[in-house]
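Enquirer: Here's the letter readout for the chains.
Number of protein chains: 2
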Amino acid sequence: MSEDLGITAKKSDLSEWYKQVVVRGKFADYSPVKGMVVYRPNGYGIWDQIMHNFDKVLQARGAKNTSFPLLLPESLLKKESEHFAGFTPEVLWVTQGGASDLEEKMALRPTSETIIHHMMGKWLQSYRDLPLRLNQWNKVYRYETKMTKPFIRGREIIWTETHTAFASKEEVADETDWAIHAYGDFIENFLALPLIRGRKTDSDKFAGAEYTLGVEALMPDGKALQSGTSHLLSQKFSVAFDVKFLDEKEKWQLAWLNSYGISMRLIGGLLMIHGDEKGAIIPPKVAPIQAVIVPIIFKGKEQAVNTVAKQLHKDLLEGELRVELDDREGYTPGWKFNDWEMQGVPLRIEIGPKDVEAKSVVIVRRDTGEKVKVKLTNVKEEINKELDSLQTRLFEKAKKDLESRTVDASSLDAVKKAVADKKWAIVPHCGDAKCEESITEATETGPRVIPFNKKMKSGSKCVGCGKEAEYLVLFGKAY
Amino acid sequence: MSEDLGITAKKSDLSEWYKQVVVRGKFADYSPVKGMVVYRPNGYGIWDQIMHNFDKVLQARGAKNTSFPLLLPESLLKKESEHFAGFTPEVLWVTQGGASDLEEKMALRPTSETIIHHMMGKWLQSYRDLPLRLNQWNKVYRYETKMTKPFIRGREIIWTETHTAFASKEEVADETDWAIHAYGDFIENFLALPLIRGRKTDSDKFAGAEYTLGVEALMPDGKALQSGTSHLLSQKFSVAFDVKFLDEKEKWQLAWLNSYGISMRLIGGLLMIHGDEKGAIIPPKVAPIQAVIVPIIFKGKEQAVNTVAKQLHKDLLEGELRVELDDREGYTPGWKFNDWEMQGVPLRIEIGPKDVEAKSVVIVRRDTGEKVKVKLTNVKEEINKELDSLQTRLFEKAKKDLESRTVDASSLDAVKKAVADKKWAIVPHCGDAKCEESITEATETGPRVIPFNKKMKSGSKCVGCGKEAEYLVLFGKAY
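Those sequence lines, one after another, are chains A and B.
Under the working numbering, the letters of the first sequence match residues 77 to 555, in that order.
Under the working numbering, the letters of the second sequence match residues 77 to 555, in that order.
Wrong hints could be hidden among the right ones.
Derived pair list, reagent style EDC-like, types lysine to aspartate or glutamate, alpha-carbon separation capped at 20 angstroms [what the hints assert, rightly or not]:
hint	chain 1	residue 1	chain 2	residue 2
1	A	140	B	396
2	A	181	B	205
3	B	110	A	378
4	B	222	A	177
5	B	102	A	205
6	A	198	B	105
7	A	320	B	150
8	B	215	A	278
9	A	553	A	278
10	B	132	A	205
11	A	110	B	396
12	A	412	B	205
13	A	181	B	180
Beta-carbon label-pair distances, calculated as ranges [to be verified]:
hint	chain 1	residue 1	chain 2	residue 2	range
14	A	150	B	537	53 to 63 angstroms
15	B	296	A	106	46 to 56 angstroms
16	B	487	A	318	56 to 66 angstroms
17	A	395	B	516	49 to 59 angstroms
18	A	395	B	493	50 to 60 angstroms
19	B	246	A	382	18 to 28 angstroms
20	A	327	B	407	14 to 24 angstroms
21	A	150	B	497	40 to 50 angstroms
22	B	537	A	382	56 to 66 angstroms
23	A	318	B	407	20 to 30 angstroms
24	A	469	B	135	20 to 30 angstroms
25	B	383	A	323	26 to 36 angstroms
26	A	374	B	315	39 to 49 angstroms
Source of the hints: derived by calculation from the structure; they are not laboratory data.
Even glycine gets a Cβ: it sits at the ideal position worked out from N, Cα and C.
Whole structure, please, built from the sequences with the hints as guidance.
Expert: See the structure below:
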């Protein structure tokens, strides 16, 4: 492989390293459309795995898939004023159809609350229709003016958005909570990304929400990646869109609404967290290709090796493994090894003439580089074992890293030091919005979440103003 | 069920019947966005099944899933002039971002050839990179000014578009052919929609194609539904987007390009073909709900019946069947029966107190209304048997109907008579474009396809001009 096709940046130079991994690993590529990228099979294939697996979680919860229109007439988007104010600066507008101007301009949806609530208001009749859980695996658009980054931030966002309606506040609160833990568990188990779960402070909640819950991952450069959110919406939405139902006593009641989402930025997170100097390392549970078979060809032995390689490929595919056979001519095995390593394929299976004679293959792990010689008779079991072990190791490694870079701080200087060390800090806070803003400014960070399950010592003083603290807040820089 | 919630239109009044089935069967609903509808779980769920099953066919062929940007800068769309001329009258344009005007207006993609070819040109280096097959399950937008109809015609089209590149014309022709038969087989096997397959005449080919192949279904009102197309693109695209590769002799060659697609209009087709006076009938292979369990409750017997119904629901879900349990309170069994029939669920499973005693259930078929009493011990086998039988019957019935409504015609009057009888007609044609247009005008139809595998009698005369005929053309009205 020529130098310019491999990863030449050090991972410590995260921004350049990430760009190289994304483009040279064929996860995504820049397009002629400003702020929008192309997701190539290596990147989109991970999203396919996420959809396939998380859709089961949603279905089991009772959510149903739907499709609502992309375009939102301006008058519809305006119906809930806080929501409109929050989103309007970043809306892309369609104003022409064919050669003529439209009567009313239409937004490319920045999110779908308005149209879904409008339709819920039309459909909902009785308490018997509740709960209602509608999901979309779709795309939303935001006229991002900050620097964009493939997967992480762009004008086209590939995500899933689920919108639910309930008869009571207790139930909608339970759903809001369920969703953030469903996301947390899925992201940790499938993407091997450890998280901190918690509640957003008011400054950072969704436009129009009563409160927002979130899961946050910590990237190698010390920046937080918001990785999923769940919003308990204020009843202003039910009022604005007339989302009402007849209760058991035949009285009209306002419905309680919630929405939650995760996006393809998760893939950016896993690339940054798990990758190394050679390129990406994809967790096996979401890897589009879990193993690649590379035949090692010597002149005169081609046929024997290729026959075994092809048969193995067939057997493994039938065994529900996602496996590629790289029998391309004109590339050396070494070139192929580097290429697949850069793309992050978890396991490589080498078959050479000696392996054919010994009825065995060599399995090479992408994370540790360890090689294991395995008999063909139990190769499937060994592959599954190695995939499980690799998945677990990626998570454990990332979890240790997260723990070591999450620190308690009781002063602004301690927060600044944590950030300088590429960490984030948990601090006691009084709960006042202006005080929070002063901490944000002084430390050049922001409030990520009020972590669940972190107990504050009684008598703790606010890191901003010194008054008695109300709760702990995780502060850090963010993507 | 109150009268106004059931299907009140006769199927012979197809347009009104279709509207009622779509809306009252909860397949789709009208939205506040002109020309765009909401696809509800009953409708989108069928698309989920189509995606799940056809994606396997694409993957096995070597196609990979991707995502290309929705927005196309005007300059990019303009690069291939025939293509641009074909699509520009129906493009929706984004002209504003936030409060400011964009430097260049951007089209909501009417189709993705331009951006995919642009990227292929960037990626493609060597003959070793070929063939290249990139797929998107996505949405495209056309500023439709004709009357819209849910699923069938609208400004937002949910579809799959596959774009391929090859080293030779033989290979690209083979792919173009493979795709139309892959669609044909899938649509007949899974959607139970019989088709006529063939080649489009030049007047009806894709903007920028050398030729287009298509599959056509015949709706109950005599209109054809174009159900899938596959295009061998002219090399103007490779030139315009510089899609070239180094061949084995290290010489640059233009790639041969193709694209093919099917859309959610297939669902409109199956609703129209299979439905009856009670509502929809969904073919089991693509039904989001294959069977619904309805407990028949009598006072004092609730617990025994509900316990058996819940256990059966659990067992069937574990048996990989898509089953719902309708244990809603406040609705009578009769109301539920009508409701599920309207929604087209293939089988209903009734469990009453006597069934519990006899350790049996009653299975009711949606298509024939036949009832079978089945022991609980082999209920899963029986359900699978009935689902298979229902799937086959729907197809056989539709196939007979297609055959009986496809007629040979040797005069314009015979074509007119066929059309008046809600049929389409196969006619000998000279191959001249102006003559074709005259037939179209005289019969108020259009050329659907030149059917494969239909032999023309030697010496046949063109139905338009009386000259010697070159081939047979299927003429009919169309959606």
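Enquirer: Give a verdict on every hint.
Expert: Going down the list of hints, with the structure as the test:
Only pairs whose Cα atoms come within 20 angstroms are accepted, and residue 140/A paired with residue 396/B is accepted, the gap being roughly 18 angstroms. The suggested pairing of residue 181/A with residue 205/B is violated, with an alpha-carbon distance near 43 angstroms, which exceeds 20 angstroms. Restraint check for residue 110/B and residue 378/A: the C-alpha separation of about 62 angstroms exceeds 20 angstroms, so the hint is violated. A hinted pair counts as satisfied when its Cα atoms are at most 20 angstroms apart, and residue 222/B with residue 177/A qualifies at roughly 17 angstroms.
The straight-line distance between the Cα atoms of residue 102/B and residue 205/A is roughly 13 angstroms, inside the 20 angstroms bound, and the hint therefore holds. At most 20 angstroms may separate the alpha-carbon atoms for a hinted pair to count; residue 198/A and residue 105/B meet this at roughly 10 angstroms. The hinted pair formed by residue 320/A and residue 150/B fails the criterion: a straight-line CA distance of about 44 angstroms is larger than 20 angstroms. Between residue 215/B and residue 278/A the alpha-carbon distance is near 36 angstroms, which puts this suggested pair outside the 20 angstroms criterion.
Taking the CA atoms of residue 553/A and residue 278/A, the gap is about 17 angstroms. The hint holds against a cut of 20 angstroms. With a CA separation close to 35 angstroms, the supplied pair residue 132/B and residue 205/A exceeds the 20 angstroms bound. Proposed proximity of residue 110/A and residue 396/B is contradicted: the alpha carbons are some 45 angstroms apart, above 20 angstroms. Taking the CA atoms of residue 412/A and residue 205/B, the gap is near 14 angstroms; set against the 20 angstroms cutoff, the hint holds.
Between residue 181/A and residue 180/B the alpha-carbon distance is near 17 angstroms, which keeps this suggested pair within the 20 angstroms criterion. The hinted range of 53 to 63 angstroms is satisfied by residue 150/A and residue 537/B, whose Cβ atoms lie roughly 59 angstroms apart. The supplied range of 46 to 56 angstroms is met by residue 296/B and residue 106/A, whose beta-carbon atoms lie about 49 angstroms from each other. Here the CB-CB span from residue 487/B to residue 318/A is close to 59 angstroms, well matched to the stated 56 to 66 angstroms.
With their beta carbons about 55 angstroms apart, residue 395/A and residue 516/B fall inside the hinted range of 49 to 59 angstroms. The supplied range of 50 to 60 angstroms is met by residue 395/A and residue 493/B, whose beta-carbon atoms lie about 59 angstroms from each other. Distance hint check for residue 246/B and residue 382/A: the Cβ-Cβ separation is about 25 angstroms, which falls inside the suggested range of 18 to 28 angstroms. Checking the proposed 14 to 24 angstroms range against residue 327/A and residue 407/B shows it holds: the Cβ atoms sit about 20 angstroms from each other.
For residue 150/A and residue 497/B, the Cβ-Cβ distance of about 48 angstroms falls inside the hinted range of 40 to 50 angstroms, so the restraint holds. Our hint of 56 to 66 angstroms for residue 537/B and residue 382/A holds, since their Cβ atoms are close to 57 angstroms apart. Roughly 25 angstroms separates the CB atoms of residue 318/A and residue 407/B, a value that falls within the hinted 20 to 30 angstroms. Between residue 469/A and residue 135/B the C-beta distance comes to about 29 angstroms, which sits within the given range of 20 to 30 angstroms.
For residue 383/B and residue 323/A, the hinted distance range of 26 to 36 angstroms is satisfied, since their beta carbons lie about 29 angstroms from each other. The given range of 39 to 49 angstroms is respected by residue 374/A and residue 315/B, whose C-beta atoms sit roughly 43 angstroms from each other.
The structure shown violates the earlier hints numbered 2, 3, 7, 8, 10, 11.
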